[in-house]
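Spelled out, the chains give:
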Amino acid sequence: MVRKLTAAAAALATLTASCAPPSQPPVKVRALVLSSNGEYTPTEVELKTITDIVAMEGQVMKVVGGALIRVDSQDPEFNAAQGKGDEAYKRAVLKDVGRPVTASYITDEKGVLWPADFHTWNLVTTYYNLERARDYFINTAEVKVAELPQATTYYFPEFVLADSSDEPQVDNAIYFSPVQAFLVLPFKEIEKAPMALNASILTHEYAHLVFNRRVYEGQGVPVPLQSWSLDGSTPGLNAIKALDEGLADFHAYVASCQTSYNCNPRVLYTTLEGPQAEARDLSKKWCMGTELKQQLQLANFGQFTEGQYLVGTIVASALYESASTSPAWRQVLARAVVAAYSDLDTVKPGLAQLAKTYTTDQYGFTLARALRALIQHIPNGEDELKNRVCSNLATRLRFTDKEIAEFTGGAQSGPSDCPQTPTINDCSITP
Amino acid sequence: MKTANLHSWLLPCLLGGLTLAAPTFAQDEDTPYTYPDEEESEKKSSSRRRTQDEDSPYAYPDEENPERAQKRRRRQEEDTAEDFRRAAEGDEEEQGYERMSRLDDPNTGVAFEVLGGAMFLSSPRGQLVGDLLPAVGGRFTWEYGRLLGSEALREALWFDVRYTYAGQREGTKLIVGDRQLHYATIAPAYELTFGESSDYGAYAQVGGGFVYERTTLEVGGKLTPLDGTQLLIQYGVGLRGRTKLSLESNVRLAWRVELMRFRRGYQDDTFVGASLGTAF
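So the sequences go chain by chain: B and P. Under this note's numbering, think of the first position of the first sequence as 1, with each following residue one higher. Under this note's numbering, think of the first position of the second sequence as 1, with each following residue one higher.
One or more of the hints may lead you astray.
What the hints assert, rightly or not - With a straight-line Cα cutoff of 25 Å, these simulated SDA-like cross-link-like pairs (lysine to any residue) come out:
1) B/188 / P/220
2) B/192 / P/226
3) B/84 / B/360
4) B/28 / P/214
5) P/222 / B/191
6) P/173 / B/423
7) P/173 / B/158
8) B/62 / B/143
9) B/293 / B/423
Since the hints were derived computationally from the structure, they do not count as laboratory data.
Given these sequences and hints, build the entire structure.
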């Protein structure tokens, strides 16, 4: 009798204690995907790179929950880490390293995993969106796989920027380079789709990772930014941050053209609505205003947070207008943008090289010079596209003659520069 | 006032009462003292006793044979002492205990309780002790150790049939995940009481069962329901009491405080709570 009871208990224990879902990629799972009618639908997808579907870990990312990240200039640990490298800085701000998450599933009769709770839906869709974004950069933008190692995603961390507020940040998704990780923050005011479900937002964030790896060589606190941030006015820092935001929006747009919803020029669509979402609509003809241009030149980066997005949207909307009519042009332009991030060729240096050149003089790092790098990386056979990009950027950014000279190379203009003098058209909408 | 009238009949009554009572107190030296509460039965039998020989046994109305009646009375006298004798002799210790325990504790050993507390659900957010949810339920307890006839196991072994519910609803206005978990378990327990025959003790419990999970995804008002069932293991520790409510009744107040874990597949849910109910 005792033996039978022991055997039964052992069998029950085996049945209940095992049963983890399969994690041999690809794993079939349901995710919340924006369908062609603009609604989020539970859609069967394959996660091709996942190795642990419970802890949500794979080649693309590993998820960490319950972390505490605090950036506080009054923190002695934070100050002691200054100048001691990225690892020291990361340790100083990461107050609680967090722990693995435990996703929960119900398996249907076909063996497809269904998330059993809201957060598992959010996690699975986050992984799917980032996997798609990584695919886009590898296949469309031609970024090498080796450049995109596994990233960490801190899920619902307590993220405090103590110098601005002691309250944890909410309602955002961030690529935070000091910890080299994505932060999917808790939501509070968002009533529509959470940030992590929005494929365009996560592609935008993944683009920041690519920008960091190429332009800043993967540095947590990039040297040019450290140097430039010490000045009162930070035009170089303002320009490079605006480019980071704008080019990320452009990548999000191009990547969206491969989804079932099709091309989405509104990055924040389905998550935010109203003026905040409208301001990031790339299909609108945004142009540089006088006041914004002054701020770009004179403001400190701390005062130019909103300006980064405004200027970035102008750049992205110019690229959108240039390439939106042709899938081939979109791909060419996406590749050119990524190629312009870093290029050791002294004739057509990339953004990384320009930033290094002007590390001690950020006034030299202008939008016009940085965007010339982009033009130079559009293949020479694509003259029509190049002309469109040249004219649209010059028009939208309202380049002055001096800026036109920097943008086109002036006397040093070569075969990879704008084929013709950019046509300056009327630009009516000013942010 | 009718005081004069009262006096007129009270005195004869008292005197009459004393006159009638006299034979009752006039007992033989060998006759045991009769307590007042036995008077009534004595009175009933007094008329019959007077008609019989003093040495002959009392003849019940339904018995015509006095010898048989005498044997029966002896047997009854033996029976009342038998439980005590057997227990004292110790040659049938367990059987003796069983009889004694039934005399000492007339309860049947069952309890019904409602329970409530905090369920720390296995966390998809990576929370240290899980996602906190309110949980409610109920349980039936049976002290099956009473069947085993062993003093050591009588109140030490029991099991629960338990139901627990926990629900979770999270999301934004547009997208909501609604989840309901129904736990059903049977779990034997071993209890160590705080001293001999104490109504309070600490226990450890291991059992099994299943969890029925129903989840519904709501997107813009469109519902996508799904459900599933999973086996689980339940284990934990707690404190248990069966407080007597009154000396005259077998009904007791059953209560517990417990820390219980449910392992379902690769996930662990932790319940911290208390229960209150009735034990018989």
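Do the hints match the structure? See the list:
Under the criterion of a C-alpha separation no larger than 25 Å, the hint pairing residue 188 of chain B with residue 220 of chain P is consistent with the structure, at around 18 Å. Proximity of residue 192 of chain B to residue 226 of chain P is assessed by CA-CA distance (about 23 Å); at most 25 Å being required, the pair is judged to hold. With a C-alpha separation of about 20 Å, the suggested pair residue 84 of chain B and residue 360 of chain B falls inside the 25 Å cut-off, and the hint holds. Annotation: proposed proximity of residue 28 of chain B to residue 214 of chain P holds, straight-line Cα distance about 21 Å (limit 25 Å).
With a C-alpha separation of about 16 Å, the suggested pair residue 222 of chain P and residue 191 of chain B falls inside the 25 Å cut-off, and the hint holds. Distance restraint check for residue 173 of chain P and residue 423 of chain B: the Cα-Cα separation of roughly 47 Å exceeds the 25 Å cut-off, and the hinted pair is therefore not satisfied. Between residue 173 of chain P and residue 158 of chain B the alpha-carbon distance is near 23 Å, which keeps this suggested pair within the 25 Å criterion. A hinted pair counts as satisfied when its Cα atoms are at most 25 Å apart, and residue 62 of chain B with residue 143 of chain B qualifies at roughly 20 Å.
Simply put, residue 293 of chain B and residue 423 of chain B have alpha-carbon atoms about 20 Å apart, close enough for the 25 Å limit, and the pair holds.
Hint violations for this structure: number 6 only, all remaining hints satisfied.
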